[in-house]
Amino acid sequence: MTFFKLSTAAVAATLAATSVFAETEITWWHAMGGQLGETVNQIAADFNAAQDDYTITPVYKGSYEETLTAGIAAFRAGEQPNIMQVFDAGAATVIGAKGATVPVQDLLEANGVAFDINDYISGVRYFYADSEGKMIGMPFNSSSPIMYFNVDALAAAGVSAPKTWEEFQTVTAPALKAAGYIALSQSHLPWIFTENFMSRHNLPFATNNNGYDGTDTKILVNNDAIKNHFTSVLDWKEAGFFEWYGTGWGDNAKPFEEGKVAMWLGSSGSFGGLLQKDLGFEFSATNLPYWEAVTTEPTQTFIGGAALFAMAGKSADENKATAEFFKFLTSADVQYFWHQATGYVPITEAAYEVAKADGHYDRFPAAEVGIQQLSLAAGENTKGYRMGFYVQIRDVMNREYGRILTGETSVEEAFQNIETEANQLLARFAKTQG
Amino acid sequence: MKRAGFTNVWLPIALLLPQLSIIAIFFYWPAGWALQSSFYLQDPFGFGSTFVGFENYTDLTRNREYLRIAGFTVVFCGLVTFFSLALALLLAVKADKVIRGAKTYRTLLMWVYAIAPPVAGFMGIMFFDQRNGPITEFFQVLGWDFKLGVNYFDTATAMIMVSVWKQIPVNFIFFLSGLQSIPRAVREAAMIDNRSAAGRFWGVTFPLLAPTAFFLLIINITYALFDTFGIIDTLMKGEPGNNPMTLVYKVYLDGFRGNDLGGSSAQSVILMILVLALTVFQFRLIERRIHYT
Amino acid sequence: MAELSTTSDTLTTAKAQPVRRKRIKISNIVDHAVLIAGAVLMLLPVVMVFLTTGFEDTDILRNGLRIDVGPHMGENFSNAMFERSGFTEAITGMRMLTNSLILGVGFALGKIAISLLAAYAIVYFRLRFATLAFWIIFTTLLLPLEVRILPSYEAIQRLGMTNTYGGLIIPLIASATATFFFRQFLMSVPEELAEAARIDGAGPVKFFIDILVPLSRTMIAAIFIIMFVFGWNQYLWPTMITTEESMFTLVRGIKQIVAVLEGGTIPEYGKSLALAIIAMIPPVLIVVFFQNWFVKGLTESDK
Chain A
1 MTFFKLSTAA VAATLAATSV FAETEITWWH AMGGQLGETV NQIAADFNAA QDDYTITPVY
61 KGSYEETLTA GIAAFRAGEQ PNIMQVFDAG AATVIGAKGA TVPVQDLLEA NGVAFDINDY
121 ISGVRYFYAD SEGKMIGMPF NSSSPIMYFN VDALAAAGVS APKTWEEFQT VTAPALKAAG
181 YIALSQSHLP WIFTENFMSR HNLPFATNNN GYDGTDTKIL VNNDAIKNHF TSVLDWKEAG
241 FFEWYGTGWG DNAKPFEEGK VAMWLGSSGS FGGLLQKDLG FEFSATNLPY WEAVTTEPTQ
301 TFIGGAALFA MAGKSADENK ATAEFFKFLT SADVQYFWHQ ATGYVPITEA AYEVAKADGH
361 YDRFPAAEVG IQQLSLAAGE NTKGYRMGFY VQIRDVMNRE YGRILTGETS VEEAFQNIET
421 EANQLLARFA KTQG
Chain B
1001 MKRAGFTNVW LPIALLLPQL SIIAIFFYWP AGWALQSSFY LQDPFGFGST FVGFENYTDL
1061 TRNREYLRIA GFTVVFCGLV TFFSLALALL LAVKADKVIR GAKTYRTLLM WVYAIAPPVA
1121 GFMGIMFFDQ RNGPITEFFQ VLGWDFKLGV NYFDTATAMI MVSVWKQIPV NFIFFLSGLQ
1181 SIPRAVREAA MIDNRSAAGR FWGVTFPLLA PTAFFLLIIN ITYALFDTFG IIDTLMKGEP
1241 GNNPMTLVYK VYLDGFRGND LGGSSAQSVI LMILVLALTV FQFRLIERRI HYT
Chain C
2001 MAELSTTSDT LTTAKAQPVR RKRIKISNIV DHAVLIAGAV LMLLPVVMVF LTTGFEDTDI
2061 LRNGLRIDVG PHMGENFSNA MFERSGFTEA ITGMRMLTNS LILGVGFALG KIAISLLAAY
2121 AIVYFRLRFA TLAFWIIFTT LLLPLEVRIL PSYEAIQRLG MTNTYGGLII PLIASATATF
2181 FFRQFLMSVP EELAEAARID GAGPVKFFID ILVPLSRTMI AAIFIIMFVF GWNQYLWPTM
2241 ITTEESMFTL VRGIKQIVAV LEGGTIPEYG KSLALAIIAM IPPVLIVVFF QNWFVKGLTE
2301 SDK
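Residue numbers (my numbering), protein chains in the order written: chain A, 1 to 434; chain B, 1001 to 1293; chain C, 2001 to 2303.
Errors might be hidden in some of the hints.
As the list claims (entries may be wrong) - EDC-like mimics (lysine to aspartate or glutamate), calculated; alpha carbons at most 20 Å apart, straight line:
no., chain 1, residue 1, chain 2, residue 2
1, A, K277, C, D2057
2, A, K356, A, D119
3, A, K237, B, D1145
4, B, K1147, A, E243
Simulated from the structure, these hints should not be mistaken for laboratory data.
Could you build the full structure based on these sequences and the hints that come with them?
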């Protein structure tokens, strides 16, 4: 009896509490650690403070891979968050599972939030869209691979940052070497030297319109342009122009931060972190170089980073809250704050204008490189790619590239392997969708 | 059972129930599920799935990388087992001989048992650091341009060294207790028969330790197969890249990082069969061992 | 274990006598040299990690591990234990320590309770399906959790037990190692005891509580130590089952530490190394202080 009384009292109290604070609560799982995570928390706190109807709770779930896996597990248990951050390589998995998410375009329109895909900058518009161009995931932390350089080192060598790889290997790198530097390192071979190699040179990456039009896709990675590129990279390494420190991101960034390596290919989203680190030399950035031998009209890069997906199976109230949060997140001021704090690009034209008007790029010219690169001329192969089991395909690339760079295999054989294994994985993925 | 015991009917069932239900839910159900899903390819979110028969298995046997990982697993198990057994045996023989400080030595040589493999792996990251790891620097003095996470062979060396370090204590404890249980009479007889210490060791002590060594062989293979997961995972810092890995790590990678449930389940089933074979082998050994002793 | 080391002492004395004096000395020195080298091999890495916690992050980043004493040890340890921010944002070392203790103790106690009951049922009762139960239980010895991680994870997920202590602990208990051990032990208990109890009119429950449990005390202690260390050191399972930071154990936290070392920001080396040391302390202390029980449990559980 006492127990019953107690519990009814508790229920009554809870009911009273919810009716007083009639806020709809939603959760957001993300993979933004460290300084990026603090910025995410700040955005969430601002949203909660800006209105009284909704409360969002961001939860850090580890790496991109861990976040995706945790989200899938939660979905299968019916405990999915309202918003899940999924990275580029996981896009095919989450978009392929129709019914797992509510397309962001539908969500916004259903909840009376105005949506026009043309408000978004051209580079981010279609990466997370379906083949008809409907936006499925809301681009969030969008980055582009750019070339950071040590201004002091380049001055000491008497060169400027190279525009093309031809310039790099004949002018920049020899001069930097003579000045006592390793000219170049990079942090993500599949992303920078494969995916964006394709988009920068407007080369097809996969059949089926880069995979957007179906799952019976074949990868087109085994081509002469990229094989020549890797042959050159190997030559550079032997000549002391390039060094590879393993598959980890940070292992390759550190030598640049320490001033041993003069130029580093990283993410435009690395900008905030580099600024915070107080490197002891002046640094700047420029576009990802291209091969003049492959194209004289280099195109824009793919966006990297991740998008936010609205998970299915949530109440109308919660979906409304999610839509409101997306509206807040894409507002020019919030985008500008995010861009300033992290270096990720602002995803809307309006936010880009705010940043320009505020003089952000006069203060930090390097901060504009990412968005400029994403706004370069588009080509038929630059909107993105959509391949299943792409996490494994990237792992296969990383493995084979590691073998090339440590002399375990030849460029020819490595790309043969990547093509074979990637196509097996794609065929397997097609069957998971059956 | 040989004991007559109590005749109560419901009590033993109640006593067994907790264990049986946990085993049913967390052992038999999952094992059955693994077997079933190894014949399917399914969408990770649970929307689509296709029955593919033995395709998940045939894909594995055709995959050169999987075979390479299997090969590495064998070499890794062999080297970790050999070095950790050999070093532990050397230390145990010496610890059994000394009088002064025997107990202190025992404590100092066994306490690492309590360190978790990933913690050992994290220490390994520091010791094998590319820029300033003490062991890296030592190798460089020897003229070996050691690079963890870059060269396959170097990363494998680091994984083996850390795994051996972590496993020496268990082997040491077993060898020492095996040595101490050799009867005094046997030792005295050996002393008279065999003048040289080496001859005594290989002629008398080692054969007497053989049952312990056989048992430890299985323990060590199991350790190298499964318990080294934390060491491997930390030393490759979450990026498989061109790093060596064991079969268990591959199950985790494909299932958990890649969300390929069918392929990962097929690998689980293959491992189950492997372990089953190992255990049958172990039971036969123990049987024979009981026979001898 | 006291009796073991005494026998060894008398043995070595007995053995040493017939050999000439000078040779003993040389071989003795070699023995001690080998043992000291072994002890240093075991000890030095941990000592260096411990000493390195005395330095600032940037210093460690530049110079790596240290063998001298630095001034920042207290600060790094207190950050590791109590600071909220940093690599996991929502959790302190204290919280992870608590989770590790819950996992270690919960696992050890759960396993002992369940195994002892099951072993008692198998050994002391006439059961029609005893053989079947025996085999159902002992098949689990064949397949460690690692080979069935994915399906076990699937099961936990379907039961909605991810990020719970139950989900963390119970599947780890689903193996028969301890049952097997207790069965062997109970079978070595003199049969007359049960006879006597029955003649005295003691029921099975009374016999179990009043006679068997006290009799098994040493065995229980030994198993507890081994299982505590085993549970505390779990990595793969907690990595999969806990995605909420408030549920992280210290050993699970190592994964986050390593991820941050690879990430963009300045790694908090001092704090990370301090956490690694904290993750070692409880299991190491237990193994060192109760080493007699521990060694006995370990070496006798195989028979």
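Tested hints:
1. A/K277 with C/D2057: holds (13 Å)
2. A/K356 with A/D119: Given pair A/K356, A/D119 holds - Cα atoms ~16 Å apart, limit 20 Å.
3. A/K237 with B/D1145: Status holds; Cα separation ~15 Å.
4. B/K1147 with A/E243: holds (12 Å)
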